[in-house]
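Novice: For this one, chain C is given, so just place chain X on it according to the hints.
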Amino acid sequence: MMKPKTVLIVDDSRLSRMIIKALILEKHPDWIMLETTNAEQTISMIDSIAEPDLITLDVNMPGMDGLSLVDTIRKSWVSVPIVVITANVQGSVSRKCAELKIGFVEKPIDADSIDKALTFME
Amino acid sequence: MFALNDLQQDTLLEIFNIGVGKAAAALSKMTSEEILLSVPTLAFLEWHEAVQRLPCEGKIICGISQRFEGPFTTEAVLMFPADKTVEFIRFILRVDSSFGQLTEMEQEGLCEIGNIVLNACMAPIADIFSAQFRATMPEFRIGTSEHVLSFDVAQTNRVIMLMLVKLQMEKREIEGYLAFLSVLPDMQRLSANIDRFISELPK
Chain C
0 MMKPKTVLIV DDSRLSRMII KALILEKHPD WIMLETTNAE QTISMIDSIA EPDLITLDVN
60 MPGMDGLSLV DTIRKSWVSV PIVVITANVQ GSVSRKCAEL KIGFVEKPID ADSIDKALTF
120 ME
Chain X
0 MFALNDLQQD TLLEIFNIGV GKAAAALSKM TSEEILLSVP TLAFLEWHEA VQRLPCEGKI
60 ICGISQRFEG PFTTEAVLMF PADKTVEFIR FILRVDSSFG QLTEMEQEGL CEIGNIVLNA
120 CMAPIADIFS AQFRATMPEF RIGTSEHVLS FDVAQTNRVI MLMLVKLQME KREIEGYLAF
180 LSVLPDMQRL SANIDRFISE LPK
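Protein chains in written order, with numbering that gives the first Met the number 0: chain C, 0 to 121; chain X, 0 to 202.
Bear in mind the hints are in silico, worked out from the structure with no lab data behind them. This one's a predicted model, so the numbers in the text were calculated from it and none came from an experiment. Fair warning: there could be bad hints in the mix.
[Said to hold, decoys possible] Some but not every residue of chain C turned toward chain X, in silico, with C-beta under 8 Å:
1. L14
2. S15
3. M17
4. M60
5. T85
6. A86
7. N87
8. G90
Even for Gly, the Cβ is constructed at its ideal location relative to N, Cα and C.
Okay, chain C solo, but in the shape it has when bound (with noise of 0.2 Å):
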């Protein structure tokens, strides 16, 4: 049997954490959801918990925006596949998760979303 996947989902806002986790525990009801609503609350608990499988990562949030996270995660996390789902859909920012070889996904959510965005593990 496979051993269940974590999840951390980094996201201000708690309505897109909530989408989030219900679309994937929809698919995936055994996987463990991890939740941190900003960038400093992500790197005070990069030390703390094991590398998920999967981290999403809002990029509009307040203090330290997502994108200037990532190399803050690869430090501890060298190989830990992100994706980026964001409301902010401009082509800048699609480039610039293709140069973090990083996963782009735009919001709104819905079970679509989800799907591409765990594509991202494999």
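Specialist: Just chain X now, with coordinates in the frame of chain C:
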């Protein structure tokens, strides 16, 4: 006094965040520049307080506004400081001129840009609420924030809801703002729509 609970506020800001993201993408396409976005803020204020809340308060600003009527009604305004508006529109229209004031053609251009940006913002909000908005024609105004935000319906209501987002062109030092003003009956309709949306979320 009207208030939204924490989840309703979070939902409203996130829904507008999606709209603002689309608006920024439209603006980015027109300017070929990245648009830096602030995190949207939401406040319930009296009209005169809302006017003072604008970061360009006291300066002459240009605003393009449209009224959107649908699941709720809102006055949406795209604003730039007047001196930067001239630079902004000439950059988009590729016009090289030292004339200090906006020409009629430039004002028309601004109305069309406002129309594109504001509709890009409201369209995903309509989709999320499974509804549609009717938009008035874009209106150009120049003056103080009191003038640009002088909507009859806002001034005659005791409390208005103001949502504000800063848009900044990355390379050129041009900042703009998107503001959305709604009054009490519309806030109540908006609140009902948010509750319906939340109740239909996957559990």
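Novice: Taking 8 Å as the limit, does the beta-carbon of T85/C come near enough to a beta-carbon in chain X?
Specialist: holds, 7 Å
Novice: For the restraint on M17/C, tell me whether the closest CB of chain X is nearer than 8 Å.
Specialist: holds, 7 Å
Novice: Return the status of the interface hint for N87/C: holds when the least beta-carbon distance to chain X is below 8 Å, violated otherwise.
Specialist: For N87/C, the interface hint holds, since the closest Cβ of chain X sits about 5 Å away, which is under 8 Å.
Novice: Classify the hint on S15/C as holds or violated, based on whether any CB of chain X lies nearer than 8 Å to its CB.
Specialist: With a minimum Cβ separation of about 6 Å from chain X (threshold 8 Å), the hint on S15/C holds.
Novice: When the nearest CB of chain X is found for M60/C, is that gap smaller than 8 Å?
Specialist: holds, 7 Å
Novice: Can A86/C be said to touch chain X, with a Cβ gap under 8 Å?
Specialist: holds, 3 Å
Novice: Are L14/C and chain X close enough, Cβ to Cβ, to be under 8 Å, as the hint says?
Specialist: holds, 5 Å
Novice: Under 8 Å is the threshold here; is the Cβ of G90/C close enough to any Cβ of chain X for the hint to stand?
Specialist: holds, 7 Å
Violated hints are absent here; each numbered hint is respected by the structure.
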